[in-house]
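Chemist: Chains as they are written, first to last, in this note's numbering: chain A, 10 to 435; chain B, 10 to 435.
Any given hint might turn out to be false.
Pairs involving identical chains hold if they fit within one copy or between any two copies, as the list cannot separate such chains.
DSSO-like cross-link-like pairs, simulated, lysine-lysine; straight-line CA separation at most 30 angstroms [unchecked claim]:
1) Lys-394 x Lys-14
2) Lys-109 x Lys-334
3) Lys-14 x Lys-334
4) Lys-109 x Lys-395
5) Lys-412 x Lys-252
6) Lys-99 x Lys-242
7) Lys-109 x Lys-412
8) Lys-343 x Lys-252
9) Lys-14 x Lys-412
10) Lys-14 x Lys-122
11) Lys-61 x Lys-252
12) Lys-405 x Lys-395
13) Lys-405 x Lys-394
14) Lys-334 x Lys-405
15) Lys-52 x Lys-99
16) Lys-99 x Lys-252
17) Lys-334 x Lys-395
Hints are computed from structural coordinates only; laboratory data are not their basis.
Protein chains: 2
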Amino acid sequence: MGHYKTIQIGLLGLGTVGTGVVKSLLSNQQPISEQTGCLVAVKRALIRDVNKSRDIEIQPSLITTDGNDVVNDPEISIVIEVMGGIEPAKSLITKALLLKKHVITANKELLAKHGDTLMALAHEQGVRLMFEASVGGGIPIVHMVQSYLSANRIFAIQGILNGTCNYILTQMDEMDQSFSSALSTAQALGYAEADPESDVEGFDAAYKLSILANIAFPIYSSIQQVQREGITKITAFDIANAKELGAVIKLIGHAAYQDGDVQLTVGPRMLPRSHSLASVRDVFNAVTVSADVVGDLTFIGRGAGELPTASAVIEDLVETLRTPKPQARRQQVKDNVESQKTSRTEVMIFYLRLMSQTVHDSQGNILRDQIPSDIWQEVIWHTSKKETSEIALLVKTEDIDAKIAFLSENGFTCALTLPFDGTPDV
Amino acid sequence: MGHYKTIQIGLLGLGTVGTGVVKSLLSNQQPISEQTGCLVAVKRALIRDVNKSRDIEIQPSLITTDGNDVVNDPEISIVIEVMGGIEPAKSLITKALLLKKHVITANKELLAKHGDTLMALAHEQGVRLMFEASVGGGIPIVHMVQSYLSANRIFAIQGILNGTCNYILTQMDEMDQSFSSALSTAQALGYAEADPESDVEGFDAAYKLSILANIAFPIYSSIQQVQREGITKITAFDIANAKELGAVIKLIGHAAYQDGDVQLTVGPRMLPRSHSLASVRDVFNAVTVSADVVGDLTFIGRGAGELPTASAVIEDLVETLRTPKPQARRQQVKDNVESQKTSRTEVMIFYLRLMSQTVHDSQGNILRDQIPSDIWQEVIWHTSKKETSEIALLVKTEDIDAKIAFLSENGFTCALTLPFDGTPDV
């Protein structure tokens with residue numbers, strides 16, 4: 010392969026994704042070289058623990074525990090950051106960019122919090138900052154939004170952005186597991202961290218939504234603008250009720266742009282089983298982009314894991330080798346407006362789970378006159394659970410937040426509120 | 010906009026897609042110019058009928074009924090062909106390529122039959138031949154397979170490639186229409202041609218599958234290699250049976266590559282409702298690409314229509330303006346092997362509909378001992394319809410073709426055979 014130019018790369022991190030990158034570079038050397046005219050070689054790799062066993066062979070001389078050895082190496086022209094977290098990733102990426110090295114990163118938290126600064130720096134330095142692997146695993150959604158749909162104006166993005174939550178909700182739906190037992194299964198399989206907060210409380214999905222919104226819309230929005238809710242309140246009772254309504258519960262990220270205003274929400278929703286996102290199971294992710302010419306485009310793929318994420322990193326690498334010049338940046342207006350709560354005043358369908366001590370008689374029979382029924386436009390469906398004094402309702406209503414406040418003043422605790430997209434099967 | 014370079018383009022055809030292209034060029038001039046640095050202007054347009062009314066304003070002086078006026082115009086550097094059919098499209102595109110003009114085409118029949126020659130010519134002339142609009146409407150599947158997934162090896166492609174058939178099957182499923190009544194509805198809405206053969210007999214899907222196989226796999230396969238079956242045999246009885254089995258019927262194109270062998274089939278299949286392609290409704294298309302690093306990626310979008318297809322044309326135009334140099338062609342081996350019938354010898358689940366006069370007694374009661382049951386590994390489910398002497402079976406079997414031959418020798422006509430993907434809901 011003497012006619013290929015050798016390109017030295019540096020790796021920051023050699024965990025699951027880093028290992029996948031090294032493996033795929035080896036296994037798919039031939040198509041990569043044919044497409045780019047380059048032979049890619051790993052020159053240095055930053056690791057945290059030298060004693061940790063890895064399922065790849067790597068020369069001890071390539072390994073370092075000091076990230077500066079990677080970014081400062083003059084022979085390295087491309088740095089791949091797959092270590093995660095804010096520091097030292099931020100400082101190392103900044104150094105690499107200042108040394109005019111291209112950077113490929115999978116770091117969603119860093120991009121969501123400091124992407125604006127890093128992208129501006131990369132542009133200033135004339136190098137590429139690529140981050141396909143930060144959102145949607147192997148789904149080429151960043152490429153689609155940033156590079157492909159350039160003759161379209163995107164006005165909304167919606168999707169299942171967190172594979173861990175989707176796995177947990179799938180287990181609850183299909184295996185009748187409780188939230189905590191589904192979480193344990195996910196942890197045992199390596200789909201969830203020992204500390205699952207970032208996934209199950211929706212932070213991870215919020216980072217990804219923020220990254221997508223900032224490349225899709227002409228206005229900059231900060232991560233603080235995302236209204237976020239996780240899946241920890243979902244119970245087996247809710248899942249059973251969703252089934253009865255011909256629906257599933259999914260954690261959905263939704264970004265919308267209209268007339269200079271960006272709305273960003275992450276939270277659980279009920280979707281009828283015929284909805285295109287309802288059949289997205291397990292750790293799969295899915296994103297629907299709505300644009301003015303093409304209409305709705307949906308992309309589904311594995312949202313995490315060694316190889317899908319490595320695929321995103323390597324496709325970014327191929328793109329960087331083919332086109333090292335950064336693309337024109339879309340002009341964005343800095344949004345200094347106070348974050349506004351998404352208005353939920355229009356008529357929508359909601360699933361509600363209420364708790365009340367006053368709804369059953371002493372024998373545990375439901376007291377129908379105690380179910381709040383006259384404040385809605387329509388009560389489509391309702392059920393109750395004696396043992397826990399819970400009532401679940403599917404209602405059509407305007408101004409849901411005012412209604413919840415009213416219920417609370419009248420002795421009902423609203424334990425869960427889920428928007429219902431589409432038509433219920435009752 | 011004086012700092013943009015003006016690019017003159019020529020249009021061959023000003024029907025639905027051509028009109029969409031002109032409209033979108035106007036409405037999205039700003040993002041297109043920002044991304045490319047060019048101002049795109051339509052210089053000439055070939056039309057068939059000067060008297061036909063169109064819902065766009067176009068200067069009479071730009072219009073011609075002679076395609077040579079478009080391709081020979083020295084100021085035109087990009088020709089967009091949206092007229093369809095083999096001739097005169099083939100001659101006009103060949104002329105344009107010989108004059109070193111870039112060509113963007115939506116012509117699936119031409120590409121499936123002569124794509125090999127045209128792509129070689131474009132490469133020889135150093136110009137681009139783009140054809141995103143030929144497959145999957147607005148879904149960027151050609152871009153994904155040809156440009157994006159370049160560090161992956163693709164081994165299978167499967168999808169819903171014909172919007173007309175998908176609309177008809179959706180109507181039959183959801184509105185309990187017969188095939189012919191659903192076809193009439195599709196024709197009334199402009200989703201099906203007056204002569205629907207190309208759609209309902211699977212030719213259109215076969216063209217698209219052949220185009221995708223030829224850009225995805227390292228071996229060339231001709232359109233003759235596609236085993237094709239349409240949807241005209243599907244009856245309301247089949248749809249009702251699918252419902253009972255928790256499934257839907259979809260026209261699926263499937264292409265697989267293994268060890269130098271390409272298998273191409275287009276035909277109806279039963280999919281459980283939980284299958285990711287089952288929720289693809291109406292005129293939507295969907296394609297799943299299976300590749301070695303990324304795993305399965307599914308793309309869903311509108312498969313036809315003025316704007317989605319125009320979007321594909323315009324994204325090709327933007328790409329051509331950004332990168333006028335053709336990409337390296339993937340090396341392909343010419344396949345001179347005789348087309349082989351896909352082997353169906355392994356154990357699979359099939360839905361069968363049989364006709365027999367001997368299966369009911371004179372009162373119309375089903376004679377259970379007449380239902381062929383001992384030739385299968387398992388009869389999972391069966392039903393019958395007295396009025397028409399039809400039996401429907403869901404069986405697990407090896408070597409389905411031998412079993413059908415056996416049935417035929419024993420007085421049963423096999424009216425329909427559908428592979429069943431996944432696990433039936435019985």
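Chemist: Compare the structure with each hint and give your call.
Modeler: Right, here's what the structure says about each hint:
1. Lys-394 x Lys-14: Neither way: Lys-394 and Lys-14 sit 69 angstroms apart in one copy and 69 angstroms across, limit 30 angstroms.
2. Lys-109 x Lys-334: both (12 angstroms within a copy, 26 angstroms between copies)
3. Lys-14 x Lys-334: both (18 angstroms within a copy, 21 angstroms between copies)
4. Lys-109 x Lys-395: Neither. Shortest intra-copy (66 angstroms) and inter-copy (77 angstroms) distances fail the 30 angstroms Cα cut-off.
5. Lys-412 x Lys-252: Within one copy only: 25 angstroms inside, 39 angstroms across.
6. Lys-99 x Lys-242: Result: close neither inside a copy nor across copies, 34 angstroms intra and 61 angstroms inter.
7. Lys-109 x Lys-412: So Lys-109 and Lys-412 fail the 30 angstroms test inside a copy (56 angstroms) and across (67 angstroms) alike.
8. Lys-343 x Lys-252: Neither: 43 angstroms inside a chain and 52 angstroms across chains, both beyond 30 angstroms.
9. Lys-14 x Lys-412: neither (66 angstroms within a copy, 57 angstroms between copies)
10. Lys-14 x Lys-122: neither (36 angstroms within a copy, 38 angstroms between copies)
11. Lys-61 x Lys-252: neither (45 angstroms within a copy, 53 angstroms between copies)
12. Lys-405 x Lys-395: within (24 angstroms within a copy, 45 angstroms between copies)
13. Lys-405 x Lys-394: Cα proximity of Lys-405 and Lys-394: one copy only (22 angstroms, versus 42 angstroms across).
14. Lys-334 x Lys-405: Neither way: Lys-334 and Lys-405 sit 52 angstroms apart in one copy and 56 angstroms across, limit 30 angstroms.
15. Lys-52 x Lys-99: within (21 angstroms within a copy, 50 angstroms between copies)
16. Lys-99 x Lys-252: neither (45 angstroms within a copy, 54 angstroms between copies)
17. Lys-334 x Lys-395: Neither. Shortest intra-copy (65 angstroms) and inter-copy (70 angstroms) distances fail the 30 angstroms Cα cut-off.
Comparing the model with each numbered hint stated earlier shows that hints 1, 4, 6, 7, 8, 9, 10, 11, 14, 16 and 17 do not hold.
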